[in-house]
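A.B. asks: Respectively, the protein sequence lines represent chains P and W.
When you line the first sequence up against the working numbering, it's residues 1 to 117, in that order.
When you line the second sequence up against the working numbering, it's residues 118 to 233, in that order.
Just so you know, these hints were derived from the structure itself, not from any lab.
Check each hint, because a few of them may be wrong.
Examples of chain P residues lying across from chain W (beta carbon under 7 Å, computed) [to be verified]:
id, residue
1, SER39
2, GLY43
3, LEU44
4, PHE90
5, TYR103
6, LYS104
7, PHE107
8, GLY108
9, GLY110
Don't be surprised by glycine CBs; every beta carbon is placed ideally from N, CA and C.
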Amino acid sequence: AQSVTQPDIHITVSEGASLELRCNYSYGATPYLFWYVQSPGQGLQLLLKYFSGDTLVQGIKGFEAEFKRSQSSFNLRKPSVHWSDAAEYFCAVVTGGMTSGTYKYIFGTGTRLKVLA
Amino acid sequence: DTGVSQNPRHKITKRGQNVTFRCDPISEHNRLYWYRQTLGQGPEFLTYFQNEAQLEKSRLLSDRFSAERPKGSFSTLEIQRTEQGDSAMYLCASSPGTSATDNEQFFGPGTRLTVL
Numbered sequence: 001a002q003s004v005t006q007p008d009i010h011i012t013v014s015e016g017a018s019l020e021l022r023c024n025y026s027y028g029a030t031p032y033l034f035w036y037v038q039s040p041g042q043g044l045q046l047l048l049k050y051f052s053g054d055t056l057v058q059g060i061k062g063f064e065a066e067f068k069r070s071q072s073s074f075n076l077r078k079p080s081v082h083w084s085d086a087a088e089y090f091c092a093v094v095t096g097g098m099t100s101g102t103y104k105y106i107f108g109t110g111t112r113l114k115v116l117a
Numbered sequence: 118d119t120g121v122s123q124n125p126r127h128k129i130t131k132r133g134q135n136v137t138f139r140c141d142p143i144s145e146h147n148r149l150y151w152y153r154q155t156l157g158q159g160p161e162f163l164t165y166f167q168n169e170a171q172l173e174k175s176r177l178l179s180d181r182f183s184a185e186r187p188k189g190s191f192s193t194l195e196i197q198r199t200e201q202g203d204s205a206m207y208l209c210a211s212s213p214g215t216s217a218t219d220n221e222q223f224f225g226p227g228t229r230l231t232v233l
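Required output: the full structure, derived from the provided sequences and hints.
C.D. replies: Next comes the structure, spelled out in structure tokens:
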């Protein structure tokens with residue numbers, strides 16, 4: 001069965017430090033992968049997505065992610081974290097597909113990011 | 118703002134009562150999804166509509182839950198005889214869904230349900 005694992009429940013970094021959030025997926029075919037951010041009281045906002053092609057994907061707010069098929073990973077990175085990045089981050093893989101047409105998401109359990117001033 | 122909207126944003130109810138949530142998707146998005154998110158977890162898929170047709174339901178959606186999208190526009194999610202375990206954030210998302218790579222889902226702010 002398809003699944004997404006985010007091994008780190010909480011991560012704390014200092015403002016200005018680099019950030020890497022881990023995501024591992026289990027999916028038989030070529031995965032469609034997403035990273036979303038959720039701030040308190042807010043809905044999920046898309047940071048970036050990977051469908052195919054270049055394995056290094058650029059997103060909004062200075063985030064990027066790298067798809068590594070050999071490691072079944074899609075880690076999110078940011079070179080310099082800002083205090084406003086404090087939020088919960090979710091990795092997701094799309095399942096269902098071309099024949100069923102459902103394209104529902106399977107989410108990881110999330111990583112809560114705390115930023116120290 | 119033409120994003121996904123959900124009402125109400127918060128709902129507190131007593132066990133055994135019925136509740137109904139509404140989702141207004143982005144105009145012209147023909148795909149609509151409901152997810153449930155409990156504390157410390159990622160959202161979990163509940164059900165999916167393509168236009169007015171409900172095409173898939175998760176095993177999480179017990180017979181106390183029913184969802185509709187009568188005219189292919191807004192959707193409602195009703196929970197009958199609520200239980201404390203139903204307390205969660207209920208998220209709605211829509212997508213244009215015209216192709217496999219055109220299914221980015223846009224999420225609403227959610228409805229937080231508390232069952233006392």
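A.B. asks: Confirm or reject each hint.
C.D. replies: Going through the hints against the structure:
{"no.": "1", "hint": "SER39", "result": "violated, 10 Å"}
{"no.": "2", "hint": "GLY43", "result": "holds, 4 Å"}
{"no.": "3", "hint": "LEU44", "result": "holds, 4 Å"}
{"no.": "4", "hint": "PHE90", "result": "holds, 5 Å"}
{"no.": "5", "hint": "TYR103", "result": "holds, 4 Å"}
{"no.": "6", "hint": "LYS104", "result": "holds, 4 Å"}
{"no.": "7", "hint": "PHE107", "result": "holds, 3 Å"}
{"no.": "8", "hint": "GLY108", "result": "holds, 5 Å"}
{"no.": "9", "hint": "GLY110", "result": "holds, 5 Å"}
Of the numbered hints listed earlier, the single one contradicted by the structure is hint 1.
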